[in-house]
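Chains as they are written, first to last, in UniProt numbering: chain A, 1 to 598; chain B, 1 to 285.
These are calculated hints, taken from the structure and not from any lab test. In this text, a Cβ means the ideal position worked out from N, Cα and C, and glycines have one as well. It cannot be assumed that every hint is accurate.
Unchecked claim - When the alpha-carbon atoms are kept at most 25 Å apart in a straight line, the in silico DMTMM-like pairs for lysine to aspartate or glutamate are as follows:
| id | chain 1 | residue 1 | chain 2 | residue 2 |
| --- | --- | --- | --- | --- |
| 1 | A | 41 | B | 50 |
| 2 | B | 205 | A | 45 |
| 3 | A | 576 | A | 106 |
| 4 | B | 206 | A | 45 |
| 5 | A | 263 | A | 284 |
| 6 | A | 41 | B | 182 |
| 7 | B | 241 | A | 32 |
| 8 | B | 209 | A | 372 |
| 9 | B | 184 | A | 45 |
| 10 | B | 209 | A | 45 |
| 11 | A | 41 | B | 90 |
| 12 | B | 241 | A | 45 |
| 13 | B | 87 | A | 32 |
| 14 | A | 576 | A | 104 |
| 15 | A | 342 | A | 372 |
| 16 | B | 206 | A | 47 |
| 17 | A | 41 | B | 252 |
| 18 | B | 206 | A | 32 |
| 19 | A | 41 | B | 211 |
| 20 | A | 41 | B | 226 |
| 21 | B | 129 | B | 215 |
| 22 | B | 244 | A | 47 |
| 23 | B | 244 | A | 32 |
| 24 | B | 155 | A | 32 |
| 25 | A | 436 | A | 527 |
| 26 | A | 41 | B | 185 |
| 27 | A | 41 | B | 215 |
| 28 | A | 376 | A | 336 |
| 29 | B | 241 | A | 47 |
Claimed, not checked - Reference excerpt, derived from the structure (chain B facing chain A, CB under 10 Å, subset only):
| id | residue |
| --- | --- |
| 30 | 8 |
| 31 | 89 |
| 32 | 191 |
| 33 | 206 |
| 34 | 228 |
| 35 | 245 |
Here's the letter readout for the chains.
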Amino acid sequence: MSFFSPINFLFLLGTIPIIIMYLLKKKHHNLEVSSVYLWQKAVRDIEANTPWQRLRKNILLILQLLAFIMLVFFLVKPYLISDMLKADNLIIVLDKSLSMSALEDDESRFNKAKKEIEDIFKNLKSGAVVTFITMGNSPEIVAGNSKDKSILIDKLKEIRVSNETDNLNDTLSLIKAMTKNEDNYRVIFYTDKNIDVDIDNLILKRIGSPKNNIAIETLSCKKIGDSLGALIDIVNYGNRDVKTDLTIYAGNKIFDVHEIILKANDNKKVYIKEIPNTNIVKAEIDAEDAIRADNVRYCVLNGSKIKKVLMVTTGNIFLEKAITLNENIELYKTNEVLTDVKGYDLYIYDGRLPSSLPTDGNIFILNPSNLDGVVKVNKMIKEGILSVSEDELLRYVDFNISMSKAKILSPPDWAKTFIYSNDEAIGFKGVKGNQKFVVLGFDIHDTDLPLKYSFPIFIQNVLDYTLNLNIQNNTSVLCGQGIEIDVSPKANEVYIVDPSENRMKIAPPFPVSAYNNTNEVGVYTIEQKIENDIYLNYFAVNVNTILESNINQAIEDNDEASIEKNIKKNAMINIKNFFLILALLFLAAEWVVYNRGY
Amino acid sequence: MLDKGFLNKLNRLKLNYNLSINKGYGGGRKSNAKGCSSEFSDFREYIHGDDFRKIDWNAYGRFEKLYIKEFMEEREILVNIFLDTSKSMDFGEPKKSYFLKNIAMAFSYISLNNLDRLNLYYQEGTDLKDSGYLRGKNSLSKVIDILDNLQFQSKTDMFPLINKKAYESGISIIISDLFTDEFKETIKYLSYMNQKIIVLHLLDKKELKPDLIGDLRLIDCETMVDNDVSINPQILNSYEKTLKAFIQNIKETAKKYGSVYSLISNELLIEEIIFEKLIKVGILR
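Isolated chain A, as found in the complex (with noise of 0.2 Å):
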């Protein structure tokens, strides 16, 4: 026998005044006798004849204890373990998603289940095989067909609940797989939700009773001029109206505080605007909720995504698709030469300059002509032994080209060159106030640049210089999913650090694999070292609101009949009510000697 609620078993401590008032009673009273001469002979022969008798005296107060005893035993819910649960065969499955952890009485869904599960294990036929699987994001085989119990209960001890989102259907695939061939089976399986299927000899166990509760369900920022906007939408999954606090944090700093009215099964919108230009943004509701998982949002802006980028050109199409194969670049063209241009990250201007360049993006320049404070061109020449010297746009590139024809170029005091012809400059790269310049004094047309596989390569490293390219592209995922992280080519070493500060060495090796461990809500940094500088980059993890969150809507579908239908394929069998009956007809047999006069 087990017992859903144990704790109640503290009732039990009120036997003590039971007693205690018993003992306080007058028990006799006095009453002068001619003799008790016979009294004691009749006394003597009945507790010869019945040597309980000296409990009879005091049958009253076991009576009321045993009915005392037995209202305790119903609060503790005890149930037994049915037989169904003893096949030869057994399959258990756990879902350990996000609204398992939801508060019943002090306890979460997923530590009932799992004292279920270990009252299950400690009962097992012997013999009986165990197949134990979790559910979280996917189906996970804790323990594949186990005799051991103790490394059952073990391994079940070490389970954790998660943040994730249930995947019913690869788990509920995953069991028709196991069964197809089987036959003396039994699956059991404990979630909170509803499940649907059609897999002979399954028993669901739902765990838990509606629960109110209110999430986070989106956040989502946006860069508006110098500041952002957010839209934060807060759902109340319950019965309910709830009056709460909505903090916006910008960074780590406290931006705003709304206070919240939600109606019950309601949702509000909420925009925020001019939260200060930041990384990471954070919502946070204050409620004492089933779920707090999903009290917290965050959402992370690593830059604009998208880079703009101009090219002025009268065509070069080799140029064009070495961009374009970079996706966060929009390219624009134009063969004329405008002067009042802005708005771009990147201006790229091959062989054609204007009379004054921009000032709000870097510049790419090639085959240039002179231009005041930038590039002066000495001279052109036809032959002259190439080489480069080491720099990050030449990393992976090799620069074994031929040339017709280059320009020497005079590179201005902030500049670098990069690539010599007899120990001059023909290429530069450089940072003049906030603009980074690279200058080619070639144009690709005169090499065979274009048709070496480090072409490519090195237009990627000029992107990356000038548009800062090593950037986080999916900055949100959802609690326990994969997420690519995207390292830049000259990374020596990526590192993540989750939101309880616990570095994690992820690269090398190159190239990095997916990143899994996005259990915990929070915001997640990259930290890419390259050469000696760090560049930091953020994603965030949040929990699946849609599915997770809704843990009232079990009442619409824990009517009658289902209950019913669940008390069928319960296979732990509720006797609490066997000791509510205990218990009154204690009371009723307490009444009947009290008014009988024993």
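Assemble chain B onto chain A, guided by the hints.
Relative to the frame of chain A, chain B by itself:
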């Protein structure tokens, strides 16, 4: 106490007891000794030395033999009445002591009326007192005096005290509720002392059929011993059995020593007890 009409009725009664009395003073009681009463007893042949005044001359005329006509001798008898004055006798509704006094009075009257010698024994403190021999109706006032002044306060058992005295042969009447373990010894002793014993067992109706209820601490008025009893059908049943066995035991003991036993309950009236019950069982006639 008893009124005159009642006493008049008692005049007709005698102790019905076949005692082989051949000792004692002449009295109102037939003895098996031959004497000079007016009641004929037997004939026998004259032997030398007989009082020739007693020769039946009519028989001599018929049989030419000398016969002596014998007559009954009427002798007095000694009646001892033991009165249990223990405190338990002071219980009952009406009190057992009331019955004891009345019955003792009746027996005293009958005894004195029949020219018997009477001795009343009663307990005072730890002593067994006696009234001394009383004879003749004029001793009745003394009897009344003694009975009136009886104190039912005694907390010790009277029966062991009885065994400490010697008695002339006679009739012993014990009036008691007999809540004692010494009864058998006493009967034995009195029997040994040549007593014809009459046991009048006086019990209250509530002792015969208790009407108690609930959890009780019964306190013995004599010994102050208490006994916790939770009254339930079973214990009442057990009491009934114990009572039956108790009475049966007394009856058997009495029978064994040739005593006459009568159980007297205070449910009956005194008249009923004396004129019906005691006559019925053959104690009085």
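Comparing the hints with the structure gives:
1. Between the alpha carbons of residue 41 of chain A and residue 50 of chain B the distance comes to roughly 63 Å, so the proposed pair goes past 25 Å and is violated.
2. Between residue 205 of chain B and residue 45 of chain A, the direct Cα distance comes to roughly 22 Å. Compliance with the 25 Å bound is thereby established for this hinted pair.
3. For the given pair, residue 576 of chain A sits about 21 Å from residue 106 of chain A by alpha-carbon distance, which is consistent with the 25 Å threshold.
4. For the hint pairing residue 206 of chain B with residue 45 of chain A, the CA-to-CA distance comes to about 20 Å; that is within 25 Å, so the pair holds.
5. Straight-line distance between C-alpha atoms of residue 263 of chain A and residue 284 of chain A comes to about 18 Å, which keeps the hinted pair within the 25 Å bound.
6. Between residue 41 of chain A and residue 182 of chain B the alpha-carbon distance is near 16 Å, which keeps this suggested pair within the 25 Å criterion.
7. With a C-alpha separation of about 22 Å, the suggested pairing of residue 241 of chain B with residue 32 of chain A holds against the 25 Å cut-off.
8. Taken as a hint, the residue 209 of chain B and residue 372 of chain A pair is broken in the structure, with Cα atoms around 137 Å apart against an allowance of 25 Å.
9. Simply put, residue 184 of chain B and residue 45 of chain A have alpha-carbon atoms about 22 Å apart, close enough for the 25 Å limit, and the pair holds.
10. Between residue 209 of chain B and residue 45 of chain A the alpha-carbon distance is near 18 Å, which keeps this suggested pair within the 25 Å criterion.
11. About 22 Å separates the Cα atoms of residue 41 of chain A and residue 90 of chain B, which keeps this hinted pair within 25 Å; it holds.
12. A hinted pair counts as satisfied when its Cα atoms are at most 25 Å apart, and residue 241 of chain B with residue 45 of chain A qualifies at roughly 10 Å.
13. Annotation: proposed proximity of residue 87 of chain B to residue 32 of chain A holds, straight-line Cα distance about 11 Å (limit 25 Å).
14. Simply put, residue 576 of chain A and residue 104 of chain A have alpha-carbon atoms about 19 Å apart, close enough for the 25 Å limit, and the pair holds.
15. In summary, the hint linking residue 342 of chain A to residue 372 of chain A is supported, as the alpha carbons are separated by about 20 Å, within the 25 Å threshold.
16. Taking the CA atoms of residue 206 of chain B and residue 47 of chain A, the gap is near 23 Å; set against the 25 Å cutoff, the hint holds.
17. Simply put, residue 41 of chain A and residue 252 of chain B have alpha-carbon atoms about 19 Å apart, close enough for the 25 Å limit, and the pair holds.
18. As the CA atoms of residue 206 of chain B and residue 32 of chain A are separated by approximately 13 Å, the hinted pair is consistent with the 25 Å bound.
19. Restraint check: the Cα-Cα separation between residue 41 of chain A and residue 211 of chain B comes to about 18 Å, which is no more than 25 Å; the hinted pair holds.
20. Simply put, residue 41 of chain A and residue 226 of chain B have alpha-carbon atoms about 13 Å apart, close enough for the 25 Å limit, and the pair holds.
21. Restraint check for residue 129 of chain B and residue 215 of chain B: the C-alpha separation of about 40 Å exceeds 25 Å, so the hint is violated.
22. A threshold of 25 Å between alpha carbons decides the hint, and for residue 244 of chain B with residue 47 of chain A the separation of about 18 Å falls inside it, so the pair holds.
23. Under the criterion of a C-alpha separation no larger than 25 Å, the hint pairing residue 244 of chain B with residue 32 of chain A is consistent with the structure, at around 22 Å.
24. Under the criterion of a C-alpha separation no larger than 25 Å, the hint pairing residue 155 of chain B with residue 32 of chain A is consistent with the structure, at around 14 Å.
25. Our distance criterion of 25 Å between C-alpha atoms is met by residue 436 of chain A and residue 527 of chain A, whose separation comes to about 24 Å.
26. Note on residue 41 of chain A and residue 185 of chain B: the hinted pairing holds, with a Cα-Cα distance of about 20 Å set against a maximum of 25 Å.
27. For the given pair, residue 41 of chain A sits about 17 Å from residue 215 of chain B by alpha-carbon distance, which is consistent with the 25 Å threshold.
28. A hinted pair counts as satisfied when its Cα atoms are at most 25 Å apart, and residue 376 of chain A with residue 336 of chain A qualifies at roughly 22 Å.
29. Annotation: proposed proximity of residue 241 of chain B to residue 47 of chain A holds, straight-line Cα distance about 14 Å (limit 25 Å).
30. Look at residue 8 of chain B: its Cβ only gets to about 34 Å from chain A, farther than 10 Å, so that hint breaks.
31. Against a cut-off of 10 Å between C-beta atoms, the interface hint on residue 89 of chain B holds, since the closest Cβ of chain A lies about 8 Å away.
32. The criterion of a C-beta within 10 Å of any C-beta in chain A is not met by residue 191 of chain B, whose closest approach is roughly 24 Å, and the hint is violated.
33. With a least beta-carbon distance of about 9 Å to chain A, the hint placing residue 206 of chain B at the interface is held under the 10 Å criterion.
34. Annotation: residue 228 of chain B was flagged as interfacial toward chain A, and the flag holds, the nearest CB pair being 5 Å apart, inside 10 Å.
35. For the restraint placing residue 245 of chain B at the interface with chain A, the shortest Cβ-Cβ distance is roughly 8 Å, inside the 10 Å limit, so the hint holds.
Checked against the numbered hints listed earlier, the structure breaks hints 1, 8, 21, 30 and 32; every other hint is satisfied.
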